[in-house]
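K.L.:
From just these sequences and the hints, can you work out the full model?
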Amino acid sequence: MLNYIWVGIMLLSIAAGAATGKLDQVTNALLGGGEEAIKLTLTLGGAMCLWSGIMRIAEKGGLTKMLARVMSPLMRILFPGLDPSGAACRCILMNMAANFLGLGNAATPFGLRAMNELAKANPNENTASNHMITFVVLNTASIQLIPTTVATLRLKYGASNPLDILPAIWITSLGSAATALILSRLFAVSKSGERRKLPAGKARVKA
Amino acid sequence: MKAANLLSVWAVPVFISLVLIVGTIKQVPVFDEFLSGAGDGLSTCVKILPSLVALMTAVSMLRASGLLELLVKLIEPAANSLGIPPEIVPLAILRPVSGSGSLAMLENIFSVYGAESLIGRVASVLQSSTETTFYTITVYYGSVGVKRTRHTLASAAGGDLAGILLSSLTVKFLMA
Numbered sequence: 001m002l003n004y005i006w007v008g009i010m011l012l013s014i015a016a017g018a019a020t021g022k023l024d025q026v027t028n029a030l031l032g033g034g035e036e037a038i039k040l041t042l043t044l045g046g047a048m049c050l051w052s053g054i055m056r057i058a059e060k061g062g063l064t065k066m067l068a069r070v071m072s073p074l075m076r077i078l079f080p081g082l083d084p085s086g087a088a089c090r091c092i093l094m095n096m097a098a099n100f101l102g103l104g105n106a107a108t109p110f111g112l113r114a115m116n117e118l119a120k121a122n123p124n125e126n127t128a129s130n131h132m133i134t135f136v137v138l139n140t141a142s143i144q145l146i147p148t149t150v151a152t153l154r155l156k157y158g159a160s161n162p163l164d165i166l167p168a169i170w171i172t173s174l175g176s177a178a179t180a181l182i183l184s185r186l187f188a189v190s191k192s193g194e195r196r197k198l199p200a201g202k203a204r205v206k207a
Numbered sequence: 001m002k003a004a005n006l007l008s009v010w011a012v013p014v015f016i017s018l019v020l021i022v023g024t025i026k027q028v029p030v031f032d033e034f035l036s037g038a039g040d041g042l043s044t045c046v047k048i049l050p051s052l053v054a055l056m057t058a059v060s061m062l063r064a065s066g067l068l069e070l071l072v073k074l075i076e077p078a079a080n081s082l083g084i085p086p087e088i089v090p091l092a093i094l095r096p097v098s099g100s101g102s103l104a105m106l107e108n109i110f111s112v113y114g115a116e117s118l119i120g121r122v123a124s125v126l127q128s129s130t131e132t133t134f135y136t137i138t139v140y141y142g143s144v145g146v147k148r149t150r151h152t153l154a155s156a157a158g159g160d161l162a163g164i165l166l167s168s169l170t171v172k173f174l175m176a
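Chains as they are written, first to last, in the working numbering: chain B, 1 to 207; chain V, 1 to 176.
Worth flagging that the hints you see were computed from the coordinates, not collected in a lab. Where hints are given, some of them may not hold.
Under the rule of at most 30 Å between Cα atoms (straight-line distance), these lysine-lysine pairs were calculated in the BS3-like manner [claimed, not checked]:
| hint | chain 1 | residue 1 | chain 2 | residue 2 |
| --- | --- | --- | --- | --- |
| 1 | V | Lys147 | B | Lys120 |
| 2 | V | Lys47 | B | Lys39 |
| 3 | V | Lys73 | B | Lys22 |
| 4 | B | Lys39 | V | Lys147 |
| 5 | B | Lys191 | B | Lys120 |
| 6 | B | Lys65 | V | Lys47 |
| 7 | B | Lys191 | V | Lys147 |
| 8 | B | Lys156 | V | Lys172 |
| 9 | B | Lys120 | V | Lys47 |
P.N.:
Put into structure tokens, the structure is as follows:
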């Protein structure tokens, strides 16, 4: 899947660039993309090390276990069959907590560790497991308590109450996350032929 | 705004203090554990770098090619009939692909239409309630070497679509 998308984006961009007369810019972008990626890794790298280190201390101190215990009902609904006190669940929870508080820099290291833990339990290493899909989909639909970046930008452009859109944001992000989760569950059920009852109602409330 | 500021200022220091205090009480060798965790973080960085190079090259080519503008023209009529302001369409298309690009576009929308306009509000809601879907999928799967992502993209795209629809619906109903 990713193979086709990647090739598709590159070839279409070259074709479109040729058609719109922007081929030189496309070539520049092609040659400069790697540099941008290295820069991003350097920027992210510090945060990555910091939060992985903090997570490690939190784990040894038993904090993540406590969080996992409190959240286990939610985890049972989202990740049926995954040990709610296992390492994968603890990383997933830290990732969700960081996303919720708007700490994107912290969320990524936790998320990547969660993927690593989920991969250990995945029998087919080239293919995504259902738990991986649920987790990635949760991360593509951002659920955030307070969108600080957008609020700051609105303030800068003269909004008198930049957070007056909060209810709309909460409804929209819950709705889009619930849609993505329900879709992924439907696909999983229809493709595996498994007749598990959909916990769609619960997922909507707790997503 | 005050409560929000308080939260964003206090969340990180309070969390770090809690982790350090609990770790010390439980007699965790905090410095050694931090080093070993930070080392893991570094190797994760190295692991995701190849997928980042692949992704960012493709995305910057896409943005330079003018293809997005063509796509916007194609989609605008459909968006209009669904009640989505056509001015939002470029943002909606760029949002799943590029985080910094969509933020720049949001700023552009604010400067043209204002942050308190209907368009400005829908754009804010859209930017806040969706994510850089392609980046997340590529980096997360790339880090563990998964090539076949099955129905991930379809589900995530469905969620993004719901986000686009809901952002204009909620703003119209809640703020009008």
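K.L.:
Okay, which hints does this one fail, numbers in order?
P.N.:
none
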